[in-house]
Amino acid sequence: MLFNSIEFAIFLPIIFILYWFVISKNLKFQNVLLLLASYLFYGWWNWWFLFLIIFSSFIDYLVGIGLSKQKIPKKRKFLLFISIFINIGFLGVFKYFNFFAESFADAFTLFGKSIEPSRLNIILPVGISFYTFQTLSYSIDVYRKKLEPTKDIISFFAFVSFFPQLVAGPIERATNLLPQFYKKRKFDYEKATDGVRQIIWGLFKKMVIADNCAVFANDIFNNYTDYSGSTLIFGAIVFAFQIYADFSGYSDIAIGTARLFGFNLKQNFAFPYFSRDVAEAWRRWHISLVTWFRDYVYIPLGGSRVGIWKKIRNIFIIYIVCGFWHGANWTFIVWGALHALFFLPLILIKKNRINTNIVAQGKLIPNLKEILQMGLTFFIITITVIFFRANNLTHAFDYLANIFSVDLFSLPIFPKKIFLFITFLLVIEWFNRDKKHGLQINSWQIHRIVKWCLYYFIIFLIFYFGGEQQEFIYFQF
Amino acid sequence: MKRFIEVAIIFIIIPVFYLLINYFINRYFINSHVIDVQTNVLIVGNSHNRRSIDTTFFKNAKNIAQGAEPYFATYLKLKKLCVNNKIDTLILNFFYGDISAGNDKKFINKKWSGEMFKRLYAISSLSDFNQFEINYRNYFYVYIKNLCLYPKVKHDNYIGSFNGKKSKKIHNDSTEAIERHYFYEDKNVGISYLCINYLDSIINLADKNNMKLILVTAPLHSSYINNIPTNFQDSFFELKDSLINEKIMVLDLSESIIEDKYFYNSDHLNNKGAKKFTKILIDTLNCKLY
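Going down the list, the protein sequences come from chains X and V.
Those letters in the first sequence? Residues 1 to 477, by our numbering.
Those letters in the second sequence? Residues 1 to 290, by our numbering.
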């Protein structure tokens with residue numbers, strides 16, 4: 001079920017009414033309802049995928065209980081290995097098998113021999129990369145004794161499959177989300193209204209920005225040989241906004257929906273295009289995934305508290321793994337590696353944490369230095385997203401080569417409507433860059449009528465300019 | 001909770017009220033607005049007529065054809081236009097793809113359904129689509145967007161015009177065009193009896209309104225004609241014969257122009273081709289009618 005579908009517009013109010021009006025007094029019933037609703041939400045794509053998520057949940061539930069009873073370190077390690085093996089195994093089979101088979105076959109051709117790789121004709125289950133990481137975090141945290149294992153099977157299954165964030169995150173940690181299932185949720189007016197605001201903003205980002213950008217960017221990327229270098233730059237810029245609006249829009253809807261049910265999910269995007277360097281951009285982009293890799297991969301490898309060569313190795317590992325998580329394609333690996341390259345100088349000269357505050361804090365407009373820093377960071381992001389969007393490496397390099405052609409300084413095709421939307425997005429988000437989401441305007445000292453007019457205006461834009469319905473990009477990850 | 005529900009209801013009621021007012025205003029405009037085609041020769045159908053009959057060379061004629069238009073849509077258009085217009089001659093395209101079941105999928109297809117509903121919302125109701133599978137999301141989306149968001153006087157998206165294309169060289173896309181017209185998910189879509197029925201309805205409508213109906217097959221490039229699946233060729237010729245037996249004028253001019261320089265792509269003429277074809281058509285009509 002897509003967030004921007006009629007089905008979801010019917011589904012959400014029904015579950016909301018049942019949750020707060022029919023069974024609000026019984027926590028267990030509320031959790032059962034959330035679990036069933038989540039399975040319905042997920043099964044809407046394909047019922048068969050439900051078996052996978054149930055199996056994955058069941059394994060980690062048992063591993064958790066096993067870890068609580070087991071005191072012998074070797075046996076505890078073995079239990080953790082089972083969880084990692086099964087979860088990563090599923091990912092490997094469904095997401096990466098064909099990639100490895102084809103890459104293996106390609107490697108053979110380098111030695112003059114060609115082999116026909118065997119491929120699996122399977123569909124990638126929606127959101128597998130997200131819930132796998134979520135459930136893995138539970139097993140690892142229990143193993144590390146950071147979290148008490150749960151015996152409440154309903155809460156655990158509901159935690160793994162919680163529908164607002166099931167298919168495209170934020171990837172919630174068990175330490176944050178699971179305890180929320182144990183406690184009685186009370187309806188909070190402020191939280192719920194702000195949740196609705198966040199949903200509206202997310203829908204705007206997805207349906208107005210991302211879906212309209214998609215039409216332009218798809219045309220440019222699919223027919224890049226027909227366009228001038230200057231237009232190809234616009235194509236990359238538009239795609240950079242498409243991916244941001246698509247994914248952060250999804251996260252906004254997810255977080256807003258969860259708030260309607262009394263849950264707090266972690267902020268997943270903190271206005272990354274207002275970053276002054278690549279390190280800051282990564283602290284603000286897909287926060288739940290980046291912190292997951294930081295805590296479960298980077299730090300166990302030694303993080304930055306090791307020698308210089310190991311530090312470099314760790315950085316490349318984390319960025320390449322992060323790229324590879326996005327998809328089984330060399331383009332994502334190169335995308336990750338490029339980010340590592342841009343990040344590396346900052347960490348080596350120990351300037352990776354100089355921009356931890358909000359840009360131009362307390363000021364209406366940034367100074368020239370900040371503008372240049374943000375511009376340069378956005379330029380780096382734009383160049384790298386070409387690899388993110390390209391179908392393969394040849395496509396990416398050809399696209400780049402076509403940018404730097406003789407017509408680079410010719411007049412580009414300028415999608416005026418799209419840039420108007422993007423300007424609106426940037427203005428609204430700039431004024432709220434210290435908030436949790438772009439439309440958190442409850443503290444603005446303006447009359448309620450003006451606020452409502454703004455909401456209606458955004459809803460009008462969604463209806464009137466909502467592009468052709470497209471799936472969320474991150475579903476394929 | 002009570003406060004949240006109250007605020008939510010008020011928040012929803014205001015736009016619902018606004019949408020309803022717009023709906024009634026737009027309905028009033030649709031019902032009161034008369035489309036005057038100001039012609040006695042009307043050219044209708046899909047892109048084949050749209051791109052091949054240039055009305056700057058065809059006195060008194062008006063081309064209102066639109067790309068990818070199925071007979072069902074043409075029928076709805078004519079039904080509406082016949083109420084307030086006196087049309088003597090109706091030129092409708094008649095081409096192999098017009099009887100393809102691919103046309104029936106245009107109301108469910110993600111890409112086409114929105115465009116179809118956008119053209120037809122003012123002259124159709126949901127019940128008109130009973131015989132088709134439709135994309136409800138797109139239907140209601142287009143309906144609300146065009147009727148409820150703001151008042152607008154003109155609701156004539158269903159009126160097309162001649163749309164000539166300049167090209168020096170033919171874009172030979174016969175494989176893609178054949179695929180698009182006769183196949184769906186790599187399978188031959190077969191013949192649409194709904195399309196044939198709606199062609200029949202157009203014939204009856206023309207007859208009832210004393211319009212002389214002329215079915216025209218515009219030029220097609222040999223690379224296209226040679227690749228049309230045989231079931232479509234057989235059905236097309238069978239239907240053509242039966243129409244001729246019913247005394248309907250059918251002008252198969254599909255091979256009246258063959259040179260590449262007159263084609264935009266495998267199944268459409270370019271500007272030059274349209275000019276040439278319009279003259280051929282006028283000459284043929286003069287010959288047959290007078």
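Check each hint, because a few of them may be wrong.
Said to hold, decoys possible - Computed far set for chain V versus chain X, every beta-carbon distance over 10 Å:
| no. | residue |
| --- | --- |
| 1 | Ala8 |
| 2 | Ile13 |
| 3 | Lys62 |
| 4 | Asp104 |
| 5 | Lys105 |
| 6 | Ile159 |
| 7 | Phe183 |
| 8 | Asp207 |
| 9 | Ser222 |
| 10 | Asn227 |
| 11 | Met249 |
| 12 | Lys272 |
To be verified - As a list, the in silico BS3-like pairs of lysine-lysine whose alpha-carbon atoms are at most 25 Å apart:
| no. | chain 1 | residue 1 | chain 2 | residue 2 |
| --- | --- | --- | --- | --- |
| 13 | X | Lys451 | V | Lys2 |
| 14 | X | Lys184 | V | Lys111 |
| 15 | X | Lys416 | V | Lys118 |
| 16 | X | Lys417 | V | Lys152 |
| 17 | V | Lys145 | X | Lys451 |
| 18 | V | Lys2 | X | Lys191 |
| 19 | V | Lys111 | V | Lys165 |
| 20 | V | Lys110 | X | Lys25 |
| 21 | X | Lys417 | V | Lys110 |
| 22 | X | Lys417 | V | Lys154 |
| 23 | V | Lys2 | X | Lys186 |
| 24 | V | Lys2 | X | Lys417 |
Derived by calculation from the structure, the hints in this document are not laboratory data.
Note that the structure is a prediction, hence the values are computed from the model and not measured.
Each residue gets a CB set at the ideal place from its N, CA and C atoms; glycine is no exception.
We went through each hint and held it up to the structure:
no. : hint                     : in the structure
1   : Ala8                     : 8 Å, violated
2   : Ile13                    : 12 Å, holds
3   : Lys62                    : 31 Å, holds
4   : Asp104                   : 21 Å, holds
5   : Lys105                   : 17 Å, holds
6   : Ile159                   : 22 Å, holds
7   : Phe183                   : 21 Å, holds
8   : Asp207                   : 40 Å, holds
9   : Ser222                   : 27 Å, holds
10  : Asn227                   : 25 Å, holds
11  : Met249                   : 40 Å, holds
12  : Lys272                   : 23 Å, holds
13  : Lys451(X) with Lys2(V)   : 21 Å, holds
14  : Lys184(X) with Lys111(V) : 46 Å, violated
15  : Lys416(X) with Lys118(V) : 23 Å, holds
16  : Lys417(X) with Lys152(V) : 21 Å, holds
17  : Lys145(V) with Lys451(X) : 23 Å, holds
18  : Lys2(V) with Lys191(X)   : 14 Å, holds
19  : Lys111(V) with Lys165(V) : 22 Å, holds
20  : Lys110(V) with Lys25(X)  : 43 Å, violated
21  : Lys417(X) with Lys110(V) : 23 Å, holds
22  : Lys417(X) with Lys154(V) : 23 Å, holds
23  : Lys2(V) with Lys186(X)   : 13 Å, holds
24  : Lys2(V) with Lys417(X)   : 41 Å, violated
In this structure, the earlier hints numbered 1, 14, 20 and 24 are contradicted, and the remaining ones agree with it.
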